[in-house]
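Residue-level listing of the chains:
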Amino acid sequence: MSETHPNLVRIERTATSSDPPLSAEAVFDVLDLRVSYNGKAALQDVSLQVYRQNVTAFIGPSGCGKSTFIRCFNRMNDLIPGALVEGTVRYHDRDLYAPDVDAVEVRKRIGMVFQKPNPFPKSIYDNVAFGPRVLGMTGDLDERVEEALTRAALWDEVGGRLKESALSLSGGQQQRLCIARCLAVQPDVLLMDEPASALDPISTTRIEDLMHELKRDYTIVVVTHNMQQAARVADRTAFFSVDVDEGGHRTGVLVEYDLTEKIFTNPSDPRTEGYVTGRFG
Amino acid sequence: MRITFQQELADLEQSLQSEAGLVIRSLRGALSALRRQDVELAEEVVAFDDEVDRQYFAIQEGIQQLLARQTPVAADLRLVLAMLHVNLHLERAADYCVTIAKLVKLAQALEGDASLVEGLEEMGSRAEEMLEVALESFADRDLERAELLVDLDEMIDTANRRLVHDVLALGGKPELREWGLRMILVSRCLERIGDHAVDIGEQTAFLITGEFREFTDASHPDGSSAAR
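Residue numbers (my numbering), protein chains in the order written: chain A, 8 to 288; chain B, 4 to 231.
This is chain A alone, in the form it adopts within the complex (with noise of 0.2 Å):
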């Protein structure tokens, strides 16, 4: 404009957002993913991408298998007798589910935070230092304690009693206290199913916060069923329903997946739609 109207007073643009663009790189790359439990399908024909540095949220109905998903990206489900995961996964270009790839290992880089805080019945201390301790981890402890519980936003409330029981903590603390085991071995990814669905209004807000700071260093994939969760906190949303055939049977499917603020403002799919303003589901 200036170089074509001199003298025109130039107005100064400023950007409307001072978030970074979204990363695309993706760390999961799913394909054509089926899960069974015992030859009948719990969710099928499932295809996407998780980014890097993402929040992406996974929504829908009871049973429509977006907890058996999450539990795909960390091998989970190969301690469920008869469950059977067909179709690929990639985990930075590694199939995740390749006859050479220790499942321990993936589970020291993709952690996961469950529902239910679960908390050893060991000290603080104690709780933050067991996996370092049991991968053999080198380094100062101590330290990797204290930045593990400043991660997760637990470290000004409990640096002057590591040595207490973590049962004493309240529920939200215990839930930070689980986010801070899973940092303490330096993982990639952070898979979260239901991470706050069993805490008070506040300890929700703080685990939210929590997953917003996060996100700058870690990848992370949360299963809600509050879907105003999944739009405070995910860059992206996938919705999942159910398709039940003509013997009754229930599968989970993946109905859509974009950017968060399209889900909740404009989903291309009516299941979607439908869903995410409660007119069904």
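Just so you know, not all the hints are guaranteed correct.
As the list claims (entries may be wrong) - Only some residues are given here: those of chain A computed to face chain B with a beta carbon under 7 Å:
hint	residue
1	L174
2	H232
3	Q235
4	F271
5	T272
6	N273
7	P277
8	E280
9	G281
No wet-lab data here; the hints were simulated from the structure. What you are looking at is a predicted structure, and each value in this text was computed from that prediction instead of being measured. Glycine is no exception: its CB is placed at the ideal position from the N, C-alpha and C atoms.
Position chain B relative to chain A; hints supplied.
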């Protein structure tokens, strides 16, 4: 199924339609006052604006409640946002009717020109038609009809430009010149009501497509788009 919420949304949309009805009554009143040089009616139009304002605030309040309590998303969110805008556009349109009524009062003792008033009346019915098309296409979620507003607006704009020439052609008589200046403002008000109707049409388009888009872009009349 969130029945209460859906009912509240439908009620709010109904209130918006009634508000539009009030605005159209106000516009008709202002134009009658102009034609008949009826100061009393002009004063009624000014006072009637309180009713529009009450409706405006009630809708505003309803939208605030819905946002706070129901956190609407997707099509529901777009409807709430569109209603927020349409509400404001209607309220502004009603304000222009008040301005016209005040101009009628200022001009009533002055010598005028009948054919020019006729031209303004024609613009007024055009503006009324535009409000009707805007609100009906909003209610029917009719994008094609909403886009007709651009052509209707062009007609009002042309009439507005022509009116300036007509006023200049009235000659140099001071009283007639003063009256003419008032009428230029009346014309401008009607033209602005048309613009608000177009803006309502844009809200209809947003409601249907989920995309913000100006039907016409005054800063880029050649069709090039503004940087978002």
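To see whether the hints hold, each was checked on the structure:
1. L174: Cβ of L174 (chain A) sits 35 Å from chain B, so the hint is violated.
2. H232: At about 15 Å, which exceeds the 7 Å cut-off, the nearest Cβ of chain B leaves the hint on H232 (chain A) violated.
3. Q235: Given a least distance of 6 Å, the restraint on Q235 (chain A) holds.
4. F271: Because about 4 Å separates F271 (chain A) from the closest Cβ in chain B, which is inside the 7 Å limit, the hint holds.
5. T272: Hint holds; T272 (chain A) Cβ to chain B Cβ min 6 Å, cut 7 Å.
6. N273: The hint holds - N273 (chain A) has a Cβ within 7 Å of chain B, the shortest such distance being about 3 Å.
7. P277: Constraint on P277 (chain A) not satisfied, violated at 10 Å.
8. E280: Result: holds, 5 Å to nearest chain B Cβ.
9. G281: violated, 9 Å
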